[in-house]
Amino acid sequence: MRNISSLLFSGGLAFLLLVLATQLPFGHTSMLLGNDILQAAPDEVGTGNIVAAVLLAYRGIDTLGELAILFTAAASVGLILGQRSNHSAKRDKTITESHFITSRASDLMMPLLIIVGFYIIFYGHLTPGGGFQGGVILAIAFFLPVLTRPGTTIDHGMITIIEGLAGAGFIMIGLWAMLYGKPFLQPFFDTFLGNGIFGSLWSAGTLPLLYLAVGLKVGAELAGLLVTISEAPAAEVERT
Amino acid sequence: MIWIVSFVVFIMLASALAVLLLPNLIAAVAASSVVSLSLAVLFALMKAPDVAMTEAAIGAGLSSLLLAMALRRLGLWQLDKEQESK
Amino acid sequence: MTMPGIEVVFYTGAIGLIVIGMAGVLMVKNVFRMLLALVLLEAGASLLLILSGFRETGVAPILLSGHAAGQLMNDPVPQALVLTAIVIGVGIQALALALILRIKHRYHSLDMGEIREQMEHDIAVNSGVVSPASAQSPEPGGHHHG
Amino acid sequence: MDNLILVVILPLLAAFLMPAMARTSEVLARVTGLMVLFISIIIITSVWGSVDEQAVSYAIGGFRPPMGIVFYIDQLSLLFALLIPVMILLFWPWNKVTHIREYSLMMLLTASASGLVLSGDLFNIYVFYELLAVASYGLVVAQGRAGKKGEGAALAASLRYLILGAVGSVMMLIGIAIIYTQAGTLNLAHLALLAPEKLNNMAGLSAFALILIGVGVKAELFPVNTWVPEVYGAVSTRLSALMAGLLSKLAVIVIIRVLVLLFPQPEALQLMTILGMLGVISGELVAWRSRDMIRMLSFSSIGQLGLVFVAFSIPGDMGLMAGFAVALHHLLVKPALFMLASGWTGPLESLKGAAKQSPYIAALFVLLVMSLLGVPPLPGFWAKLLIVVNLASQAAPVYQFALAFVLIATVIEAAYLYRVVMILYHPNQGQQASVREKHKAFELVIASGAAVILIAVALQVQSMETKLSSMARQTGDRQHYINTVFSKLDLADIYHQNKVQQTDFRSNNQLQGSK
Amino acid sequence: MSVLDEVFILCALGALVLFVFHRIRGIEKLAVVFYAALLYLLIKMSGLGYGGEVIYSSFSLNILGETLQWRFDAVSWFFAIITVASGLFSAVFMSGKWGESYREKTSNAAYGTLQIALLLNVNSMLILLASGDLLSLFIGWELVSWASFMMMALNPDKQARQAAIKYIVYAMAGAMAFLAAMAYVYGITGSLQYAELAQASAALSNGQIILLSLLFFTGFAIKMGLIPFHLWQAVAYAETPAPGAVFLGAISARMGLYAIIVVLIQLIGLGHLQQIHIPFTFWNLQTVLAWVGALTTIIPTYIALKQNDARHLLAWHGVGQGGYMLLGLMTLNSLGSAGGLLHVFNYATYQAALFMTIGAVIYRTGTANFDKLGGLVTQMPLTFMVMVFSIIGLAGLPPMNGFVSKWMVYRSLLLDGEPLLFVAAVIGTLGTILSVYKLVHNTFLGQLRVEHQNVREAPLSLLIPMLVLAAIMFVTGMMPGLVLDWVASAQLAMGLVPVTYNLGGIVLASGGLDMIWITLILFYGLGVGAIIFYLLGGRAKRVHQYDNYAGGHFLTSRVRYHYSHNFYAGLMHLIGGWYRGSFKKLEQAIVSLVSLLSQLSENMYRSAQPAMMVIIVVVLSLWSISGGIN
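Residue numbers (the numbering used here), protein chains in the order written: chain A, 82 to 321; chain B, -14 to 71; chain C, 15 to 160; chain D, 9 to 523; chain E, 168 to 797.
Hints are computed from structural coordinates only; laboratory data are not their basis.
Heads up, some of the hints might be wrong.
[Unchecked claim] Straight-line alpha carbon distances no greater than 30 Å define the calculated DSSO-like cross-link-like pairs of lysine-lysine that follow:
1) E:K333 - D:K364
2) E:K751 - D:K360
3) E:K272 - D:K360
4) E:K325 - D:K446
5) D:K448 - D:K364
6) D:K360 - E:K333
7) D:K364 - E:K264
[Stated by the list, open to error] One-sided and incomplete, this derived list gives chain D residues near chain A with beta-carbon spacing under 10 Å:
8) A30
9) G76
10) D129
Cβ atoms here follow ideal geometry from the backbone N, Cα and C, with glycine treated the same way.
Can you build the whole structure from these sequences, using the hints too?
Quick look at the structure:
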């Protein structure tokens, strides 16, 4: 009964969406907002990567919200799994000591990943990539040792502080503009950062700084999530 | 171009079905990783490099890592066993 | 009617993901798999959103020196939105995973039906309607698996 | 007015910093949260009343409205922006055992809730809505009843809530995608301008249905409210009160904003009526069967939210006014009832003679219940009257059905609520009278406060009516919204660009004038 | 400030004072003073009863674009004076010995609560009676419902408490029907003013009028306990503490009648009721309502006959007597409607007196169960006398006032050419006579029970109000013109032709009624009979109470024989219990239906992903709705 109705519903949804397809102007959308931004962004924000301009300048508050969601999720995961952190000593015995190659490879990879991560973050406003992608790479870079060497732990306190400060940094940059009487998150409020030369690293006002904050924040949150879940007490293992 | 896209979409939908139908959960996680990867390809084909990068890093990489780790913690990390575990 | 454009293929992919994901969320009993289905659903929505700013002839919304000045670009806004949505999705996924881990620990089950029954029993015990000693079933004969 | 964005930003800042601060001083971290709440209240009260005539918009980052995100501040958003910190403050977890992350979650809740009511951008609303959702999942887990058994229930309820909520979010996202494909913009004012042309069709209606279902999860809308009894049954009454009272209303406000601005078609309203009336009747019916107070209140809350939806689905300003009246009334009464319920756990029969033990609390309960039912001099009556009278003056048959449903549901509601009252005033003491939990002081304070406000409103019903009707008029005025967000210059620009004929604009104006 | 304002201020003040000091001894005296003052204010308004101008309260409320007003006209005044007088009598009854014993049995607080409940009842009724538009009528209506619920809820008895819940559900259903009707009126006219409705009703279609009348009438009928809503009232009223029962029984249910007068007669209009034919039948709306009244006189009265508790018997009667009032009103001619209105007054007097006598009996013996009573006439002769006076009134026999009103109703039915209704009314009266005989016989006649041998006459504080009421019954029975003054001006206010009357009774072209003559002749006849009896050397022999026989069965003083159990066994066997059962089954069916639906809903909420299933409904409904687009 339940399955039939579920199928019915899914079918209904598919039908609805298919019918909509005939009505929606896919491929020829009006792009009112998009065209406006495409025209204005190079002059107004000065980024090469217009997606970054949208993310950090035009829709900066969305990004802030998104960081907050990640933070919330991480905090909740911490609450859910962290309550039994004293059990984390009881490691999962199923993880066998890792192979020499993997551990060496991870040692080699880690600095590389960190560099790549930061590169992606810093050039986010010019080329594809940015805080999110770079942040993920950072997170994975820091998590690699945990994965390859089961004994390693990551300091939760450090993560907490980084994520807190990075998030606060994002907001502070926004509030900084308010100090100058500009609206919240306005990227150009002072000659201090200047507009820079279009296409150079130090351009687009506070955007690189914001992306750095985003990158650190995302990196810290995701690393935190990974670490917390990896340290979670295992359910009674059903070994065969 | 359209054939490439069609092929990727086909792969994506097939692995999406596999996510639901494969009895082994590890395989399901792997399939979902394939879905993410094909999606990333699609995003790239749609001229959305940022999204493609993100999807590849988060969807295919991090998310699969999370799922796999959780699977291990759940005690369901059993490659050889068909199971729809309780 | 001209030959269907490439966007139709993309659209098919999006709908396919959404429908498969929805069917999965509805029909799958194992919560872990339910979560996987949820990921598919989210992926489908992202694809749909990107599609809303897609033009076949457009280029990526990035100003590079190689590009001609007047070239048509794809809409950057949906791309930014999807970026946001993907990150939100992974956050929720992690939260759900953490919950599943704990629930498995607590109820020794990943079956949604069993979890619900145990939960209802616990809630009934909490509210004092059922005494803790009574059997697993909160209301005798009251189970209706729709 | 520019400071108003701090209402969203400061709690976020505090939330980010609190866990880090707690590493040095836990007290400091806690105080920070409270301070932020107080500052929020001060900021809002300082601008209170300044938007009565003309709403204000605030462009974040200073980018021109259709491109950048704007906050829209009118009477409605200001009222809720004030209610949020006040309510959070009231239900602040004061005890010492609370984990610092929970305070952090409370701050995130505050920020997202404020953002939700202030935001004037569709996707921004989605982001804040998600934030609200994730924060509430976290809180549900964290505030799971401190019992050995209760913990599992909180986890499971939270997971089920999360899955439902995530599906809802995806629905909403699909709706947004459809809207963006159709109209090419996300700014609510811009969409409002384009809506008669672009969204007044099947695609628009489906988008609305999807958004309705998505946001409806939080708003306890009928088909997606199965989490309500589970979550309220599993968490502390403090959080239930907050969720049933405040959070559900925020989701409703979002739906109303979207509905008023984006979806002019009557079918959208009627869809909401149908869901609302199904919610009313099903909620009250199950409440009638429930055997303990919390469960009863949960289902009653579903029913009341259904009533709110029915009210808002009445076209025109009167419908909005009715909706505001019911929503605000429920926002006042339901938390208070939850507070009273927290001391009266256990099966209803065990409450026999509780009135003898605590006559004051029982009297409060009766007062609140009477207002909930709509007994004349109390505010609940005026709210219900507004709904009923306006439903009856609608021509579409669905409203007549809704009227019948609402009235029948009220009778059922009376049956179970008065059964409880009779149990409370039973001449014989129940068996468990001696072991019954005591009400905590803050619970009584909140409930008494609600009762005092109820009586005050009952005495000041005329001025409340003026206030509400002015709020409804402002909220229902699409042109006002558009004009507020766009300056005259921008507007001319947009018209030029979008080839929207000026005549459209005028006819729109006339429509507003004739209302 | 008008007198009405003074009334309201006094009410508010009284409620406040009583609420604050309700635990203090002696508060009952204050309450009596309060009701007396209220009565005084009403008497100041007595111009209304003699056709004076409408009195407006200066208090008004502007809301929803409506102006809520409160005002008194002759109809309101007529009902108000009965209300306040009933309140006064109850308060006096309560303030003496009865109150002391109640205090001892329960507590100061409980006694104070009873006082508050009574006061709130009186106040809310006055607010209802003063309503000047539909909205204020509804407000008053709800207030009355909740006030009487409070009174009923004070009852410790389990069954009565269940009845109270039943009552509140019924009352809520009635209120919701009223609200729906009101909303419907607002939908049509855009206003809730009486004048607007009266104006608009002329232009309404038949269907609309039928729907409106049905909704309004349902609301009001529930309060009055008319068929088919009669089940709750008697059970709920009967076992409230005696003064409460006195008040509730005397007047509370009559608020339904008042609302019927205001809405159906004054606003929708008399002509309308007659003109509107019910589809597929040969009845019009007026006939239907009249038959509802007639059936209400019969069925509850025969249920009363079955009761084995004096209070229940009386309460069931109260339901039945409401039928007479409605029947009288629905004749819609001057004589019948005057009869109906007069019956309100008359009924209040004797119902109050009867409940007081039963209250006194309970005060002395501790029970109202017929199986445990009997022969009290020797111990409580004055109480007995009051009861005899009252049941004469209740049965509608001369020279008491009940006779006048019932005569008027019968007469008008005959004049109207409604023989079937007349027969129905007579059947009702027959039942009344039978049951009041059961009442007086089983309580006061027959043999005294051993445990009651030390019972004394009721204390003076209880006797005084009873005797005064008896006097009123007699005086207004002999000189109905006193009350007919008020009735006539009420009729005028209702828009009916007032009845022609004089002090002694009714003036009709085809033979009126003069109670002064009838009474004189009655007494004269009695006197003649007595003279003849004594002239013939009438020998009276006193027999001891126990010295009697039944059916040849010899009784010793050890075995008392008092024929009270299973009274009217034969009759009961004949009429059976089917009629009450059928309505009960209807009620149970509704409850089971709700229960079933409730269970279904709960299962829907509990099943695995029910929400999703229902989304199908949403999608489908979306489709069906969206048929209009594209």
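Status of the hints after comparison with the structure:
At most 30 Å may separate the alpha-carbon atoms for a hinted pair to count; E:K333 and D:K364 meet this at roughly 23 Å. Only pairs whose Cα atoms come within 30 Å are accepted, and E:K751 paired with D:K360 is accepted, the gap being roughly 28 Å. Note on E:K272 and D:K360: the hinted pairing holds, with a Cα-Cα distance of about 20 Å set against a maximum of 30 Å. For the hint pairing E:K325 with D:K446, the CA-to-CA distance comes to about 27 Å; that is within 30 Å, so the pair holds.
For the given pair, D:K448 sits about 18 Å from D:K364 by alpha-carbon distance, which is consistent with the 30 Å threshold. Restraint check for D:K360 and E:K333: the C-alpha separation of about 19 Å stays at or below 30 Å, so the hint holds. In summary, the hint linking D:K364 to E:K264 is supported, as the alpha carbons are separated by about 26 Å, within the 30 Å threshold. Hint status for D:A30 relative to chain A: holds, with the closest Cβ pair at about 9 Å, below 10 Å.
Taking 10 Å as the C-beta contact cut-off toward chain A, the hint placing D:G76 at the interface holds, the least distance being around 5 Å. Checking D:D129 against chain A: minimum C-beta separation of about 8 Å stays under 10 Å; hint holds.
Every hint from the earlier list agrees with this structure, and none is contradicted.
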